[in-house]
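Trainee: Work out the full structure: start from the sequences and follow the hints.
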Amino acid sequence: MPELDRLKEQVAYLKLWLGIMVVTDISVVGWLASAADGTRPVLVALAVITVALVTTGIVIVHRYIERRIDQIGKL
1 MPELDRLKEQ
11 VAYLKLWLGI
21 MVVTDISVVG
31 WLASAADGTR
41 PVLVALAVIT
51 VALVTTGIVI
61 VHRYIERRID
71 QIGKL
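The opening position of the sequence shown corresponds to residue 1 in our numbering, with each subsequent residue numbered one higher.
Everything labelled a hint here was simulated from the structure, so no lab data went into it. Careful: at least some of the hints might be erroneous.
As the list claims (entries may be wrong) - Under the rule of at most 25 Å between Cα atoms (straight-line distance), these lysine to any residue pairs were calculated in the SDA-like manner:
#1 15 - 73
#2 15 - 58
#3 8 - 64
#4 15 - 45
#5 15 - 35
#6 74 - 64
Mentor: The structure is reproduced here in structure tokens:
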């Protein structure tokens, strides 16, 4: 049982961070859509890089959560 509880807690913690990353990604994309025209190119480039990195992080965390859920299913 302790292993099951540990895995459940890990999934819950990772879901928290996944949610934070999704909100961050949506916020930066929204900012890009609304303010990219009148903003310095450096800020736009940094925002695009941020979106790419955060989106990659979302995919990685999502896959990690899937693996943990598979481990829970095997217990």
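Trainee: Please go over all the hints and tell whether each is borne out by the structure.
Mentor: Now the hints, each set against the structure:
1. About 17 Å separates the Cα atoms of residue 15 and residue 73, which keeps this hinted pair within 25 Å; it holds.
2. Our distance criterion of 25 Å between C-alpha atoms is met by residue 15 and residue 58, whose separation comes to about 10 Å.
3. Proposed proximity of residue 8 and residue 64 is supported: the alpha carbons are some 13 Å apart, at most 25 Å.
4. Distance hint between residue 15 and residue 45 is unfulfilled; the C-alpha atoms sit about 28 Å from each other, more than 25 Å.
5. This hinted pair does not check out: residue 15 and residue 35 have alpha carbons roughly 30 Å apart, beyond 25 Å.
6. With a C-alpha separation of about 16 Å, the suggested pairing of residue 74 with residue 64 holds against the 25 Å cut-off.
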